[in-house]
Amino acid sequence: MTLRTQGSGSAPAAAGRDRGRNEAATGRSAAPTPAAERAPTPTAVPAFDPGTVRRQFPIFRAPREKPLLYLDSAATSQKPDAVLEAMNRYYAGYNANIHRGIYEIAERATAAYEDTRRRVARFVHAGSPREIVFTRNSTEAINLVAHAWGRTFLQAGDAIVLTEMEHHSNLVPWQLLAAEKRLELRFIPITGEGELDLETLPRLLGDGRVRLVSVVHISNVLGTVNPVGELVRVAHGAGALVMVDASQSAPHCPVDVQALGCDFMAFTSHKMLGPTGIGVLYGRRALLEAMPPFLGGGEMIREVKLTGSQWNDLPWTFEAGTMPIAEAVGLGAAVEYLEGLGMDAVFAHDRALAAYAMERLLEVPGLKILGPPAERRGGVVAFTLGDIHPHDVATVLDDDGVCVRAGHHCAMPLHEKLGVPASTRASFHCYSLPEEVDALVRGLHRARQVFAR
Amino acid sequence: MSGMEDLYRENILDHYRHPRNRGAIENPDIRYEDANPLCGDKIRMDLNVRDGKIAQVRFSGIGCSISQAAASMLCEAIEGKPLDEVKKISRDDVLEMLGIELGPVRLKCGLLALKTLKAGVYGLTQWPGEDDEAAGPRAERGGESRP
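Going down the list, the sequences are from chains X and C.
Going letter by letter, the first sequence gives residues 1 to 453 in this note's numbering.
Going letter by letter, the second sequence gives residues 1 to 147 in this note's numbering.
Don't take every hint at face value.
[What the hints assert, rightly or not] Which chain C residues face chain X? A few, computed with CB under 10 Å, are given here:
id, residue
1, Leu13
2, Tyr16
3, Gln68
4, Cys109
No wet-lab data here; the hints were simulated from the structure.
Every residue gets a Cβ at the ideal spot worked out from N, C-alpha and C, and that includes glycine.
Given these sequences and hints, build the entire structure.
Structure below.
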């Protein structure tokens, strides 16, 4: 397939057409793509050449002493030229604050910022760009919902359902809220294969006290693709809203908030080839409209008097202060780049590599893979290697230039449930190559030799 | 950046494979346990003190080779030593025992045993500092980490 590598950049294309504020709800996509659920078989997906893709990422072209074999994309992804160039074009060509200036470059900056909002809305099939709120990252998006929605609409005795496989970012905000509002937290347990035990749902949701189910779409440790659509149906049937932590799914597979039926979704730019510093909250419009602001300040207001203010319209009421403009421009370019590859193709690529990695890893004596079989997971493979601590594994791998994550990956309760203090994780994105998996396996054999007792 | 040969000197692997003073003391005079939340390393130190000296020391815990080897080396170094001397052991002393350069993340592994030991001998319930320092670049300071 031909890669749409860079193009003219999203930013200047819509210059002079700053319609953000009055734009009607036109972001709806004509044909929602089926969401990544129960891991669809990747058939007839146009493939891209990962070697070609890789050359479009400057970090892999940079000369260095040892090779860069990057298997930590679940922590953060690398950035293609297109993203860096788009951000540079903004800073060098039309750097100005948005939604304020009436001069040309300010209008261009505003248009570029709002263009990303429209692009992101289409990317996840939101009903309107107004349902897309920019935040700092997924964590802030979840905290926004906990504060603005949770503190307003929940009361003592209400319950929130989470799962045992959540990242700390989808645990701690709810723990804080629960302590403040005297809520009950309940947890969907995981099965021996690292999948959600849905048979517990009737018990967890049965008493009608659950107001929210917040669940990770793809686990950052197990790689499990959770059946979010099914969860949404059951949760809605019990009168609960559903928030989806899409930090590991939106960057890797087609995501359709309308097909999933979720009420809120959080994801972050830096895991999807974009810059750090910007994340996304999707929220159903009626819900967002009913919520009070999260942070107060400039831009989020319509009218300010010394003793009180009126809030701005959606989504700007949730975007106080000067937002990460260059980062928004970069995120727009990242989404455009991903769309050029095709999210079906990206997912097929990541999953094929995960399957290859699982096959190769099992050649290493004493290695135990965490999570479900390859056909039911995304591009994440975490494992333990006998009693060799993941830090030691990662250090030996680093010596060969292989970058993996070692530790609990911000999922301590999950590791406790799995009965391991920590694990080593390899994760993939569109630029990952089978050769990197081969180097990983070689390094693991070496780690066994070094730490043989 | 240290290569693997530097990071896993034979003495570290030796202490990792054959830890000294590993175990527990029943009803010890001092018992202190600490963990490194970033990586899940845990160290417990049990100490018996007689006449102002460390009469017996045992450690237990889980973690990487650096954290466990450092604990083993530290135990070996302090058995029989006066408490006052033990209180003076500095982070640089431990790094010298390990004999390697440690990056900011592994530094926490390397110093966990010292942190645990010192909190134990000072009878502290909470470590008063130096933790933040460990996260930054290795400071060029000769002084010990007296609380």
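Hints, one by one, checked against the model:
1. Taking 10 Å as the C-beta contact cut-off toward chain X, the hint placing Leu13 (chain C) at the interface holds, the least distance being around 7 Å.
2. Taken as an interface hint, Tyr16 (chain C) checks out: its beta carbon lies about 7 Å from the nearest beta carbon of chain X, inside 10 Å.
3. At a threshold of 10 Å, the smallest CB-CB gap from Gln68 (chain C) to chain X is about 8 Å, leaving the interface hint in force.
4. Here the hint on Cys109 (chain C) is kept, as its CB sits about 6 Å from the closest CB of chain X, short of 10 Å.
Every hint from the earlier list agrees with this structure, and none is contradicted.
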